[in-house]
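2 protein chains.
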Amino acid sequence: MGTYSVSSLNKVVRGPKRANYDVQTINTILDDAFLCNVGYIWDSKAIVIPTAYGRKENKLYIHGSLKNRMMLSLLEAGEASVSVTHLDGLVLARSAFHHSANYRSVNVFGKVRKLEDPDEKMAALACILNHMVDGHWDHVRQPNEKEFNATLVLEISMDHASAKVRAEGVNDEPEDHNSSIWAGVVPIRQVAFDAISDELLQPDVNIPDTVNRFVEQNK
Amino acid sequence: MGTYSVSSLNKVVRGPKRANYDVQTINTILDDAFLCNVGYIWDSKAIVIPTAYGRKENKLYIHGSLKNRMMLSLLEAGEASVSVTHLDGLVLARSAFHHSANYRSVNVFGKVRKLEDPDEKMAALACILNHMVDGHWDHVRQPNEKEFNATLVLEISMDHASAKVRAEGVNDEPEDHNSSIWAGVVPIRQVAFDAISDELLQPDVNIPDTVNRFVEQNK
Chain P
19 MGTYSVSSLN
29 KVVRGPKRAN
39 YDVQTINTIL
49 DDAFLCNVGY
59 IWDSKAIVIP
69 TAYGRKENKL
79 YIHGSLKNRM
89 MLSLLEAGEA
99 SVSVTHLDGL
109 VLARSAFHHS
119 ANYRSVNVFG
129 KVRKLEDPDE
139 KMAALACILN
149 HMVDGHWDHV
159 RQPNEKEFNA
169 TLVLEISMDH
179 ASAKVRAEGV
189 NDEPEDHNSS
199 IWAGVVPIRQ
209 VAFDAISDEL
219 LQPDVNIPDT
229 VNRFVEQNK
Chain D
19 MGTYSVSSLN
29 KVVRGPKRAN
39 YDVQTINTIL
49 DDAFLCNVGY
59 IWDSKAIVIP
69 TAYGRKENKL
79 YIHGSLKNRM
89 MLSLLEAGEA
99 SVSVTHLDGL
109 VLARSAFHHS
119 ANYRSVNVFG
129 KVRKLEDPDE
139 KMAALACILN
149 HMVDGHWDHV
159 RQPNEKEFNA
169 TLVLEISMDH
179 ASAKVRAEGV
189 NDEPEDHNSS
199 IWAGVVPIRQ
209 VAFDAISDEL
219 LQPDVNIPDT
229 VNRFVEQNK
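Line order of the protein sequences matches chains P and D. Sequence positions in the first sequence follow the working numbering and run 19 to 237. Sequence positions in the second sequence follow the working numbering and run 19 to 237.
Don't read these hints as lab results, they were simulated from the structure. Just so it is clear, CB atoms sit at the ideal spot from N, CA and C, and this is done for glycine as well. It cannot be assumed that every hint is accurate.
[Unchecked claim] Below, computed lysine-lysine pairings styled on DSSO-like, alpha-carbon distance capped at 30 Å:
#, chain 1, residue 1, chain 2, residue 2
1, D, Lys132, P, Lys63
2, P, Lys74, P, Lys129
3, P, Lys129, D, Lys29
4, D, Lys63, P, Lys77
5, D, Lys132, P, Lys35
6, D, Lys29, P, Lys29
[To be verified] Here are the computed distance ranges between Cβ atoms for each label pair:
#, chain 1, residue 1, chain 2, residue 2, range
7, P, Leu93, D, Glu186, 27 to 35 Å
8, D, Pro205, P, Leu218, 31 to 39 Å
9, D, Leu84, P, Lys164, 50 to 58 Å
10, P, Ser23, D, His195, 48 to 56 Å
[To be verified] Some chain P residues judged to face chain D by a derived CB distance under 8 Å, without partners named:
#, residue
11, Val66
12, Leu84
13, Leu133
14, Leu147
15, His154
16, Trp155
17, Gln160
18, His195
19, Ala201
Given only the sequences and the hints, what does the whole structure look like? Please build it.
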């Protein structure tokens, strides 16, 4: 699937050994999460807001209400910066200086486009929901006209992207290895627990396979 | 402990019912995490970078290398935007439109100051490490002069802050309650696993209580 070319926008300057521009690596990190942090400029300030997203090929999709300040600011700017991070562990070194974290993160920069075509917009909404729970769009009541029209959907083109991955043990200074200070890694993971059905469910409605599969894969 | 006053910078416009300006609520959400997302402006673009942080009273501390582009951009701007999010669950509604997430998030905006006083700077480094694993600073080899001088520490004053919390079940349209579509919540949590000691440890070095306590509290 190739690699992203390196520009001043996606070049990883700090810790370049951990940098990765491989499309497959970047897509896998993006597909393992459903919450991203979006950066936008408002009143000359950089604001960060968490939001759900979906990915299809080299496009990300986000949605919000018609009056959402972040969405409108992104549209006005015509470009967006998106960050996704998985925290995989704490790296507790002998020295304070070498404390670190294991993580997989991706930064995306690209052009923003409002989806106006109804088919394209509906497909993007399905993409966002299925990105959260694979295949679940087909198990829910799809948007009616009022809901559809009240939703703003933006496409972010992944024009520049980079990943940064740390997945290793402690890197202490050699002279610290003789000390009696403990060092190690505490693994960390985001896990899902069994689904809790809504109290108002009609009788005999079972948890769909899509939800059970999501829970199994994230236990 | 009071509340933050509401300004255009921290006012929660979308979903105001979920907004909270209570200092205690905001501090609790901040103290439950150690990774934040920082927004900064570079080349007229809003960039988002994840980084570790500590909190003391109404100050956040972040650190990085002397040449870190984010740190230098924040210093130049003289202000920073910080976002912290805990994902607590997926809210899977009967309707696509009412899909949501349970979460606790905080946004902070404030002035940035470089810590130059050595005592203040060392205290901030201890704060960042102890924010990750409570009390662990006293169990590690503290920074030597070279390491200390190679580290840039910034204080972000929490001049404006707001929390947004969703912690509830599914909110479907009443007319959807009669349908045979499933709805419910999938709880999600970030958990820690038992510490894995570094292979190069000296004999008879045990995992410190601070680390065991962290793992217990996050299991």
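| Status of the hint placing histidine 195 of chain P at chain D (closest C-beta pair under 8 Å) | At about 5 Å, which falls below the 8 Å cut-off, the nearest Cβ of chain D leaves the hint on histidine 195 of chain P intact, so it holds.
| query | In this structure, is the beta-carbon distance linking proline 205 of chain D and leucine 218 of chain P contained in 31 to 39 Å? | reply | violated (19 Å)
| query | Does 27 to 35 Å hold as the CB distance between leucine 93 of chain P and glutamate 186 of chain D, or does it fail? | reply | holds (30 Å)
| request: Given the hint that lysine 129 of chain P pairs with lysine 29 of chain D, test it: the Cα-Cα distance must not exceed 30 Å. | output: holds (28 Å)
| request: With a cut-off of 8 Å on the beta carbons, see whether histidine 154 of chain P makes it to chain D. | output: Holds, because the Cβ-Cβ distance from histidine 154 of chain P to chain D comes to roughly 7 Å (cut-off 8 Å).
| Has the given pair, lysine 74 of chain P with lysine 129 of chain P, been kept, meaning a C-alpha gap of at most 30 Å? | holds (15 Å)
| task | Would you check whether glutamine 160 of chain P satisfies its interface hint, that is, whether its CB is within less than 8 Å of any CB in chain D? | result | holds (5 Å)
| Is lysine 63 of chain D close enough to lysine 77 of chain P, meaning Cα to Cα at most 30 Å? | Roughly 19 Å between the alpha carbons, so the hint for lysine 63 of chain D and lysine 77 of chain P holds.
| Going by Cβ atoms only, is tryptophan 155 of chain P closer than 8 Å to chain D? | holds (7 Å)
| Minimum Cβ distance from leucine 84 of chain P to chain D below 8 Å? | Hint on leucine 84 of chain P: violated, closest Cβ of chain D at ~11 Å, above 8 Å.
| Interface hint status, leucine 147 of chain P versus chain D (Cβ within 8 Å) | holds (6 Å)
| Is lysine 132 of chain D close enough to lysine 35 of chain P, meaning Cα to Cα at most 30 Å? | Distance of about 28 Å is within 30 Å: holds.
The structure shown violates the earlier hints numbered 6, 8, 12 and 13.
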